[in-house]
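Chemist: Work out the full structure: start from the sequences and follow the hints.
Line order of the protein sequences matches chains A and B. Residue 395 in our numbering sits at position 318 of the first sequence, and the numbers go up by one each step. Residue 282 in our numbering sits at position 205 of the second sequence, and the numbers go up by one each step.
Hints may contain errors.
Identical copies look the same in the list; a pair holds intra-copy or inter-copy alike.
Stated by the list, open to error - Taking lysine-lysine pairs in the DSS-like style, the calculated list, with each CA pair at most 27 Å apart, reads: (1) K119 to K167; (2) K263 to K349; (3) K263 to K149; (4) K350 to K322; (5) K318 to K335; (6) K318 to K350; (7) K269 to K149; (8) K402 to K276; (9) K322 to K274; (10) K167 to K149; (11) K335 to K349; (12) K311 to K350; (13) K342 to K322; (14) K274 to K413; (15) K335 to K322; (16) K263 to K318; (17) K327 to K114; (18) K274 to K167; (19) K311 to K349; (20) K327 to K311; (21) K226 to K311; (22) K167 to K350.
Keep in mind the hints are simulated off the structure, nothing from the lab. Every value quoted in this text rests on a predicted model; they were computed, and no experiment measured them.
Number of protein chains: 2
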Amino acid sequence: MRIVLDGMGGDNAPAEIVKGAVEAAALTDHEIILVGKEEEIKNELEKCRYEGDRISIVHADDVITMDDSPVKAIRRKTESSLVKALNLVKNGDGDILISGGNTGALVVGSRMILGRIDGIDRPVLASIYPCLGGDPALLVDAGASSEAKANNLLEYGLMGSIYVEKVWGFENPRVGLVNIGTEESKGTSVTKDAHQKLKEAPLNFVGNIEGRDVPFGLCEVLVCDGFVGNIILKLTEGLAKNILKLVVSKLMSNLKTKLAALMLKPQLMELKKEFDYEEYGGAPILGVNGPVIKIHGSSTAAAVKNAIIKGIPYAEENVVDIIRKSMLDLEEIIEKGEEE
Amino acid sequence: MRIVLDGMGGDNAPAEIVKGAVEAAALTDHEIILVGKEEEIKNELEKCRYEGDRISIVHADDVITMDDSPVKAIRRKTESSLVKALNLVKNGDGDILISGGNTGALVVGSRMILGRIDGIDRPVLASIYPCLGGDPALLVDAGASSEAKANNLLEYGLMGSIYVEKVWGFENPRVGLVNIGTEESKGTSVTKDAHQKLKEAPLNFVGNIEGRDVPFGLCEVLVCDGFVGNIILKLTEGLAKNILKLVVSKLMSNLKTKLAALMLKPQLMELKKEFDYEEYGGAPILGVNGPVIKIHGSSTAAAVKNAIIKGIPYAEENVVDIIRKSMLDLEEIIEKGEEE
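Modeler: Have a look at this one:
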């Protein structure tokens, strides 16, 4: 298998990307292709003293920056590392793409260059949601499209379920719909309709999940539109970071508690890990004709390595083909239902 | 002024409601009218040894329960404490209503019995959002309607701004629109449109607020639809409670840290207060022809007392009239804009 890395994507590119690739190469037999400015990447590889033959470079002259407008950038920057990397996957010269670059460009580029899987109306960006004291959940949509129709939410549930089963290895994952009440009758016209569709779909639907239950691992797949998904992810991030900060500042507020707090420091640091997304790997784009994984723009080498290792099953387990087949099955089910 | 209390609304009614009324009566010269089963309320008043003459009872035979369907209950249970209490305000025999009963019935009843303020398309339930380490914000809509048009969001901003200024006493409160990015171009078609309308409205609009910034007091009024508002409130509640629980369990995990944690217990308990909604009073319903305040169904006497005392300015400062006038002004502004 050939893993394609966007060597220029992210704040710490290419240094951390290359380091992560070298670390991953020690853990897997797959080939790694770094796409980007050859000289810079070579330099970084030399710094890492990499002497193996499983990392190669494909030169790309241009870079899509964080400020670039996604659609324009994909159309015009044909020599960019991202466009070249996507084309490697499209043409069968790479089996999976991992990038820490401009999220919008990665989503749009995946749609435009790899194309949608037949039957999928809207490819989507999923994200790992760190549940408290347990396994994470896959949140779909994490912000690829702010609006969604009921059918889109159904697609999100189906694709998320397949991904979590094949890539995370959870059997028969539970799928929940983020909503404002547990009753079927609650929500907008879209969530009410989606509830019915998910209930009838061939997946393990556990019903509506309220905001207060989102962090508590009631299901492995959380389905919502991109607006709500974005708010959930960012609110959780903001609250977690700052509640822990508040705890520390309260504890450090006087000498007596300061001493006690210093004793507790290792435990408090451990808590931070509960919210560390990087341990679980990157965020998949689902519904396009090829496995694509987004990593955080500020990813360290360790996060890059994790994303590579944890992402491998996305390609190896043929998740894209399974999604394609499940869409055909779904069409049959719907047609059969209409005939009856 | 006459403050009307739904004596039968909530899990702890009438006991805690009556106790709260007695506590409030010691702090204010206003009259308090308790609406509900006369015998039960009298009993509770006797238990409190209340001997003043500023608390009176209006008998109501029936009660709207938490399981009642809102519209049906308001139409059919005409002898319920809630319907009788709303009619007191409608007929000028009461100046403000405070209830801990069925939220849906309170919102629907307020719309049906008091009626919408002219120019308001959709009355709304606002809620107090506890910002970390600072003043709270008013979140509008907290779940009265799951969907909203851009004009509704504009109304929410205007009413929220007036309420926070007059009832909380914050001059020129900052109004923010909950959205998935800070740029004007971000969001759904509704939030994009609402952004422009809020920008042009006579209020202190500070732009879009992202999920991660919601808890940090960047504005005093947070505008969003009821779906997003419900998710934000419940997710915050769930996360805050459980992050603190996680902190305590981590700290208690071994003997050494257990001793240190016990020393820190008072500080940890103080943290809980940061998320205590009750201190700030109840949640106003905005946009109806009379001041109505919702308190939590599980409110204690202290929360009832707080809601009464903090709610007084909603009636005393003529907030309803000010909203009515601002709607007329807004119409003029819009008409003038269209003529130009």
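Chemist: Going through the numbered hints above, which ones does this structure break? Give me the numbers in ascending order.
Modeler: When the structure is compared with the hints, numbers 2, 9, 17, 18, 22 turn out to be violated.
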